[in-house]
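Residue numbers (my numbering), protein chains in the order written: chain P, 1 to 417; chain Z, 1 to 311.
No wet-lab data here; the hints were simulated from the structure.
Values in this document were obtained by computation on a predicted structure and should not be read as measured data.
Just so you know, even glycine gets a beta-carbon here, dropped at the ideal spot from N, CA and C.
Among the clues, some could well be false.
[Said to hold, decoys possible] The list that follows gives simulated cross-link-like pairs (lysine-lysine, DSS-like), each with its CA atoms no further than 30 Å apart:
#, chain 1, residue 1, chain 2, residue 2
1, P, K363, P, K111
2, P, K145, P, K127
3, Z, K10, P, K231
4, Z, K133, P, K170
5, P, K363, P, K127
6, P, K127, P, K417
[Stated by the list, open to error] Not close to chain P: a few residues of chain Z, all C-beta gaps over 10 Å, as computed:
#, residue
7, D66
8, V90
9, S103
10, P105
11, L136
12, W154
13, E199
14, F254
15, L272
16, L274
17, M279
18, I302
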Amino acid sequence: MKLVKFQGALLAGTLIAGAAHAADVTLTIESWRNDDLTVWQQTLIPAFEAKNPGIKVVFAPTAPAEYNAVLNSKLDAGSAGDLVTCRPFDASLTLFEKGKLADLTAMEAMKNFSAVAKSGWSTDDGKTTFCVPMASVIHGFIYNKDAFKELGIEVPKTEAEFFAALDKIKADGRYIPMSMGTADQWEAATMGYQNIGPNYWQGEDGRAALIAGAAKLTDEPWVAPFRSLAKWGQYLGDGYEAQTYPDSQNLFTLGRAAIYPAGSWEIAGFRQQAGFELGAFYPPVPNPGDQCYISDHTDIALGMNAATKHPEETKKFLEWVGSAEFAELYSNALPGFFSLSNAKFALKDPLAQEFVSWRETCKPTIRSTYQILSRGTPNLENETWNASANVVRGAETPEAAAERLQKGLASWYAPQK
Amino acid sequence: MTETALPGKKPFRWHIGVFLAPAVIIYSAIMILPLFATLNMALFNLTPEGVTTFVGLANFQTLFGDPRWADAFWNALANNTWFFLIHMLVQNPIGVLLAALLSSPKLRMAAFYRTAIFIPTILSFVIVGFVWKLILSPIWGIAPGLLDAVGLRWLYAPWLGQEASALTTLALVSVWQFVGIPMMLIYAALLTIPDEILEAAEMDGITGAKQFWKIKLPLILPSIGIISILTFVGNFNAFDLIYVSQGALAGPNFATDILGTFLYRTFFGFQLQLGDPHMGATIATAMFGIILVGVCIYLFTIQTRLRRYQF
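Whenever a hint applies, use it, and build me the whole structure from the sequences.
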């Protein structure tokens, strides 16, 4: 009933607006981010509408878990909105291959994005892009600045300094050196392996070599992060084997742990919870002076429904989504979700600014298991969760874990056979 | 009106069909048809082009022949068997013991104990899973503190996080939850034993524990048989508790993976893994086969040998 009324109101609004302004076109955005409703309604859409009279935009999100199913049925029925929020990799690629999403490769705004930024929404060969990248999440370490000051610890730059700092915190005994658990398994892979890994496999170069079949998971650059991870166990809290993700967050925000292996999406939550000053550092490099790499993982983008009745207006909106103005508005409204655009601007949240500043010194890459390599069974992403947790717990050696992953990947992925 | 019943021809009894129809229709629609649809689905698979084709038993060949699939399957089956054994060795004897204690006429407040022990059974798996996860948590849980209070802190370990103990811990949590069911069934069986028999036993000087072993236990064996088969079917269909407390990946390192979680992961997919309905149906068929074989063994070898006493 409420929905009917709401739609009725929308329709009435559209009709009235239409009568007043004959050229008005209303664009609808499909999205799973219902958390962002107010950001779109109060910040993003008014900014666009002010500059583009005649185009109205409605943000119409669905519950995250239902999004894929609802969107697919709407697209099949021809009732989907003009703009479609794209999940990265296979989910959106399938839609593009079925002809539901339009090819946006030729758009002017695409020049504002690097190849890595576009990879989540491009065909496997990278030649065709079908969604405008919106945001990514960056990995690194968030630390308790007060604890570091108390113990006289400098921010570590290399792996050796990193472990020296952990040793110092452990020896002091007032803080748990690092807050992470292996109960949920994904923390060990996402905040552990994918966080520090790019420094060893040289980011995109390593990832591309793996996809091409030129590198193997048993090669040194892919085993080395496991070796580093194997040392983490001794610095985690008592009983970390049964510690869950919320446990880890709480241990850190309560000030009981000094370092938290993180994703930038934690920023907003930690801001509210933590009663101490927060700092962040990027994953330490293996040797002094090494080029650093960060996981700058593509997370969300916006595409065009191929069946839209207003392709011109929709493209106009998408050009704006690719612009520097949108990038700045979006990143400031949602700290921790960083625009993928090459545009330069400052963020108001200092911690978010710290994270995003690493893009200037370090080369960005995405999580190694997300593109192509998790299409078959066994799925490399899930396997990596399990292997990383095992390595941290000491239940599997880094070499054995790497060998198992390689065997699994080779069992279905032709270039690795 | 005179009724002329023709010899040899009874009137068709419509009411039987009418009264049975709702149950038969609903049961067929939500149990029988899906069962056959699942069995059928296990015989098909997708070609690389995405076309569904008949593949015969090839999916079973993958499940048992491909080392990765087979490893996962046997691991899940072995874990499931251990889960079941713990229930048989811990839950059912404790259930019998509790029932024997409850049926003792000297026990006061029997109704209170009965209720208290039965209550966990009516709780949802989700609540039980989260409550025990919290109790056993090394960070917030009360388990380490309680053990410390009685000087047994050294006994505490993150039980749910260790490969060696996670499955047994969860099985014991499940026993805690369901021990009320065998207790109630045995209790009911004990109540049906006629007093004459017990009196006759007492006349012969058989009392106390001896009476339990010699008279009561043989009489409740059919109930124990039913409880065993219920435990078997329930445990080999289990899923919820593991999923709630350890997630779909049944960590640590698949130490708590049982057939239910293995089926879930395969059928619906998890994280980046896309669901594979055909392999999922293959696992479901294997599970169905295992349960069917177990129930048949029970029916043909145990049930038929059980003696029934008529008083």
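Fill in: Distance restraint between K145 of chain P and K127 of chain P, which requires alpha-carbon spacing of 30 Å or less
Violated. K145 of chain P to K127 of chain P sits at ~44 Å, over the 30 Å cutoff.
Worksheet item: Is the Cβ of L274 of chain Z farther than 10 Å from every Cβ of chain P?
Response: violated (7 Å)
Practice prompt. Please confirm whether W154 of chain Z is truly not at the interface, meaning its C-beta sits more than 10 Å away from all C-beta atoms of chain P.
Written response: holds (13 Å)
Practice prompt. Take a quick look at V90 of chain Z and tell me if its Cβ sits farther than 10 Å from every Cβ on chain P, holds or violated.
Written response: Non-interface label on V90 of chain Z holds, nearest chain P Cβ at 22 Å vs cutoff 10 Å.
Worksheet item: F254 of chain Z: least C-beta distance to chain P exceeds 10 Å?
Response: violated (7 Å)
Practice prompt. May I ask you to check that P105 of chain Z keeps its beta-carbon over 10 Å from the closest beta-carbon of chain P?
Written response: The claim stands: P105 of chain Z keeps its Cβ more than 10 Å from every Cβ of chain P (closest is about 45 Å).
Discussion item. Is the claim that S103 of chain Z lies outside the interface with chain P correct, judged by CB distances over 10 Å?
Written reply: holds (39 Å)
Worksheet entry | Outside-interface status for E199 of chain Z - nearest CB in chain P farther than 10 Å | holds (54 Å)
Worksheet entry | Reported absence of M279 of chain Z from the contact zone with chain P (all CB gaps over 10 Å) | violated (8 Å)
Fill in: Exclusion check [I302 of chain Z not at the chain P interface, CB over 10 Å]
Non-interface label stands for I302 of chain Z: nearest chain P Cβ at 39 Å, farther than 10 Å.
Worksheet entry | L272 of chain Z remote from chain P - nearest C-beta pair above 10 Å | The assertion about L272 of chain Z is violated, with a minimum of 4 Å to chain P.
Worksheet item: Going straight from one Cα to the other, do K127 of chain P and K417 of chain P come out at no more than 30 Å?
Response: At roughly 25 Å apart (the allowed maximum being 30 Å), K417 of chain P and K127 of chain P satisfy the hint.
Checked against the numbered hints above, the structure breaks hints 2, 3, 7, 11, 14, 15, 16 and 17 and satisfies the rest.
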